[in-house]
Amino acid sequence: MMIEIGHLAVIMALVLSAVGIVTPMIGLKRQNGVWIQIGKQAVTANFVLLSIGMATMIYSYATQDYSVKYIAATSNSRLPMFYKVAGLWGGHEGSLLLWSWILSLYCMMAVWIHWKTQPVVMPYLIAMESLILHGFLLLILFLSNPFERIFPVPVDGRDLNPLLQDPAMVIHPPMLYLGYVGLSIPFCFAMAALFSGRLGEEWIKVTQRWTLLAWIALTTGVLMGGYWAYYELGWGGYWGWDPVENAAFMPWLVATAFLHSVMVQESRKMFKVWNLFLIILAFSLSLIGTFLVRSGVLSSVHSFATDPGRGLFILAFLAFMLLLSFGTLIFRSGKLKSQIELDSMISREAVFLFNNLFFLVAMVTVFIGTLYPLLTEALKFKKVSVGPPYYNAVFMPVALGLIFLMGIGPYIPWRKASRESLKKHFLIPLLFSGAGLVFFAILGVHDLYALAGLTVVCFVLASIVSDFSKISMFWAKQRRVNHLSGLYVAFRQNPRRFAGIITHVGVLIMIVGIIFSTIYQTEKVVILKPGEEVTLNSFKIRLIKLYETTGPNWVAQEGFFQVYLGNTLIAQLTPQKRLFTVSQTPTTETALHQYDMGHIFLTIPEVAPDGSWARVRALYNPLVLWVWYGGAVMVFGAFLNIFRPKRKEIYSEGIATLTPFSSKKMVQE
Amino acid sequence: MIRVWHIVLLAGVLGLLGLFYKGLWGNPSYLPPVLVGTSAPDFSGANLYTGDRVSLDQFKGKVVVLNFWASWCQECKLEHSSLLSINKQYGQNPNFVLLGIDYQDKIDLAHEYLGQLGNNFQHISDPKGRISIDYGVYGVPETFVIDQKGVIRHKEIGPIIGESYINFTQNVLEPLLNGKSVPAS
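Chains as they are written, first to last, in this note's numbering: chain A, 64 to 732; chain B, 35 to 219.
Mixed in with the good hints there might be a few duds.
[What the hints assert, rightly or not] In silico EDC-like links for lysine to aspartate or glutamate, alpha-carbon gap of 20 Å or less:
id : chain 1 : residue 1 : chain 2 : residue 2
1  : A       : LYS608    : A       : GLU596
2  : B       : LYS94     : B       : GLU109
3  : B       : LYS189    : B       : ASP76
4  : B       : LYS140    : A       : GLU596
5  : B       : LYS183    : B       : ASP86
6  : A       : LYS587    : B       : ASP91
7  : B       : LYS56     : B       : GLU109
8  : A       : LYS587    : B       : ASP76
9  : A       : LYS332    : A       : GLU265
10 : A       : LYS479    : A       : GLU652
11 : A       : LYS479    : A       : GLU596
12 : B       : LYS140    : A       : GLU586
13 : A       : LYS587    : A       : GLU652
14 : A       : LYS587    : B       : GLU146
15 : B       : LYS189    : B       : ASP168
No lab work stands behind these hints, which were simulated from the structure alone. These numbers were taken from a predicted model, which means no experiment stands behind them.
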């Protein structure tokens with residue numbers, strides 16, 4: 064009974080999302096605020112209805128109602144409660160429901176927050192968001208219904224994908240959806256700006272924080288995915304250029320480009336069409352990502368069920384959205400000539416231009432690599448997949464360029480930089496990076512990319528530190544306080560700038576982590592019998608014994624290892640070769656020991672059936688934790704940026720705030 | 035007024051949608067019946083260590099096992115010791131040869147890889163993936179078995195470990211080396 068209530072709620076949401084598309088348009092046509100009010104209520108109601116849908120699903124998971132087909136496929140009575148609930152996004156149908164619920168949440172928030180301050184674009188915003196929601200609800204109800212019953216009722220469920228049975232993995236998909244779907248708000252504001260003809264800087268200012276929010280969610284989601292790949296899949300690496308990883312990375316790249324280029328429009332009123340293009344592209348890539356993941360056109364480690372019917376529908380919807388948004392952009396672009404041209408190639412505008420260019424090149428690189436197998440197949444070539452060497456070869460120089468720009472962009476004046484100002488700021492960083500180059504070369508860093516990377520990191524770091532110290536000294540003098548308080552004053556004066564710089568510092572930390580953990584990773588794969596040991600760097604790893612062990616829904620062969628540094632025992636590790644009993648899926652459970660900022664990483668990919676030996680894969684990943692610490696600092700900077708003190712939004716009267724009477728009056732006049 | 039970027043953008047969007055549409059009717063996990071049962075494409079490449087030219091022609095009349103691998107491939111590492119023991123077991127047989135094809139790799143990294151994991155057979159460098167394209171290699175590791183007449187008899191996708199090792203040696207290699215024919219699979 065419960066599940067039927069949820070089903071009914073989602074059906075009603077489908078109807079109301081259609082109402083949300085139509086009524087604001089009628090309101091615009093008739094210049095009547097009441098119709099738009101109806102749209103607003105529909106948006107709120109949709110959130111409530113979809114929440115009911117979600118709640119009934121979760122309830123049915125918790126009460127183990129295996130008469131629901133989807134639950135029977137993604138849950139099992141022996142699962143811990145935590146994972147029982149997570150089964151909701153363990154498959155296709157539930158993921159889409161979660162997607163829609165998040166969309167309705169965002170949509171309601173945007174409408175409530177901006178109702179008063181953005182009345183002119185509100186009808187368009189409501190209609191656009193409702194349109195996206197409508198598409199997804201159609202897909203859910205007609206092609207992938209999670210509320211469907213099954214008969215005869217199975218005794219027990221088929222279990223959740225074992226790879227998902229991990230705390231990080233439970234949060235990773237919703238995080239990514241929060242990111243993907245979060246980009247829909249700036250997108251809808253952009254579309255509303257295009258439709259309404261209010262193409263000034265307003266939509267940029269309104270959406271900047273929304274984009275940051277989506278960016279934070281995407282960044283966290285991608286990083287969590289990386290961490291999961293690192294220890295759950297037993298790769299020992301955190302990034303594999305898998306199509307589905309790429310699907311999340313592409314909107315991230317474009318959203319990052321957008322967050323930079325909006326600053327140019329705000330301060331210099333340039334890049335107007337470009338910014339619209341970027342945000343449309345970012346959300347389109349979210350949709351394309353959904354298509355790639357959900358239609359099964361590409362093969363990937365994220366193997367999801369495929370069904371051409373669903374694929375065709377998502378494609379039709381994608382086609383509609385892409386043509387509508389890019390088409391409108393083309394139609395309206397005539398209105399959008401920016402009068403100001405670049406004054407000089409040595410200016411902040413130019414740096415932003417290059418920044419955007421690099422981000423786009425990076426995105427296109429990933430895009431081509433991801434779709435290459437599809438392309439070769441369509442052209443009747445032989446099917447070939449693209450390996451990491453392709454990505455590394457193209458991506459590395461671009462990444463280097465981007466980091467370098469991080470050291471210049473914030474410190475170069477707008478319009479045109481004079482020779483003196485350049486010298487004043489960049490002399491010290493240049494000298495410092497030169498010293499860094501020599502230092503790391505002497506230290507024994509021979510890999511060209513690593514050396515270049517570290518040198519550039521030195522340059523950017525010196526740039527940031529020297530700027531911070533100058534500004535804090537200035538304020539310390541001005542206010543007669545110490546330097547630390549001076550720094551605090553500087554923060555208060557321009558929180559947005561410094562929050563951005565903190566994010567940049569996070570990037571630097573991450574880059575160092577990536578360089579060291581990939582280039583200086585050591586690895587040994589050996590067969591060990593109990594009592595034998597392997598030497599890895601200065602560590603000795605000894606296999607003490609192998610034995611069987613069991614969990615709630617799995618059995619495993621576990622190895623007990625001791626790690627010695629010299630003669631001191633520093634860690635005892637127990638990696639497993641696990642077999643999930645219901646689905647008969649084997650997994651490799653990693654054992655990690657943190658040493659300095661790196662990891663000793665141990666897996667046993669193969670164990671003799673009689674337990675007499677194990678194939679042991681041992682890795683040492685120096686500084687690998689910096690990858691995630693850096694990510695955390697990046698996200699922290701973005702949070703500071705979102706919650707910086709708010710300046711007043713522009714108030715402009717539109718029909719959304721008009722009462723029916725005053726709007727009638729307006730028409731009469 | 036229509037501008038160049040309007041057309042480029044529109045063409046790009048339409049092209050992409052067309053590509054996706056075509057992609058829907060393909061099966062991503064379907065691999066073309068790569069040459070199993072047909073004669074193996076000839077190739078020649080440089081030996082990974084000496085740089086000497088090695089071609090498939092040289093081994094006519096032998097059972098050739100071609101293993102595509104790369105140092106950046108994680109699953110190859112799992113498989114490597116299986117390859118070593120296959121060569122230990124059959125390498126003495128004059129009718130058998132095991133060849134590694136190092137796919138899209140850097141030579142120094144490949145050397146390091148083999149240095150760490152051990153090596154007892156010949157490898158050919160395929161830095162641009164040319165040989166691999168001829169064989170329709172979809173991802174590494176992949177292993178092909180070519181019979182005495184130069185016909186591909188078997189293709190193994192993924193690492194040869196555990197059960198697939200037993201299958202590979204007992205049901206594919208043994209019968210071939212004993213002159214029996216195996217059903218193409």
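Checked hints:
no. : hint                   : verdict
1   : LYS608(A) to GLU596(A) : 11 Å, holds
2   : LYS94(B) to GLU109(B)  : 30 Å, violated
3   : LYS189(B) to ASP76(B)  : 16 Å, holds
4   : LYS140(B) to GLU596(A) : 30 Å, violated
5   : LYS183(B) to ASP86(B)  : 25 Å, violated
6   : LYS587(A) to ASP91(B)  : 36 Å, violated
7   : LYS56(B) to GLU109(B)  : 31 Å, violated
8   : LYS587(A) to ASP76(B)  : 35 Å, violated
9   : LYS332(A) to GLU265(A) : 11 Å, holds
10  : LYS479(A) to GLU652(A) : 56 Å, violated
11  : LYS479(A) to GLU596(A) : 63 Å, violated
12  : LYS140(B) to GLU586(A) : 17 Å, holds
13  : LYS587(A) to GLU652(A) : 17 Å, holds
14  : LYS587(A) to GLU146(B) : 11 Å, holds
15  : LYS189(B) to ASP168(B) : 14 Å, holds
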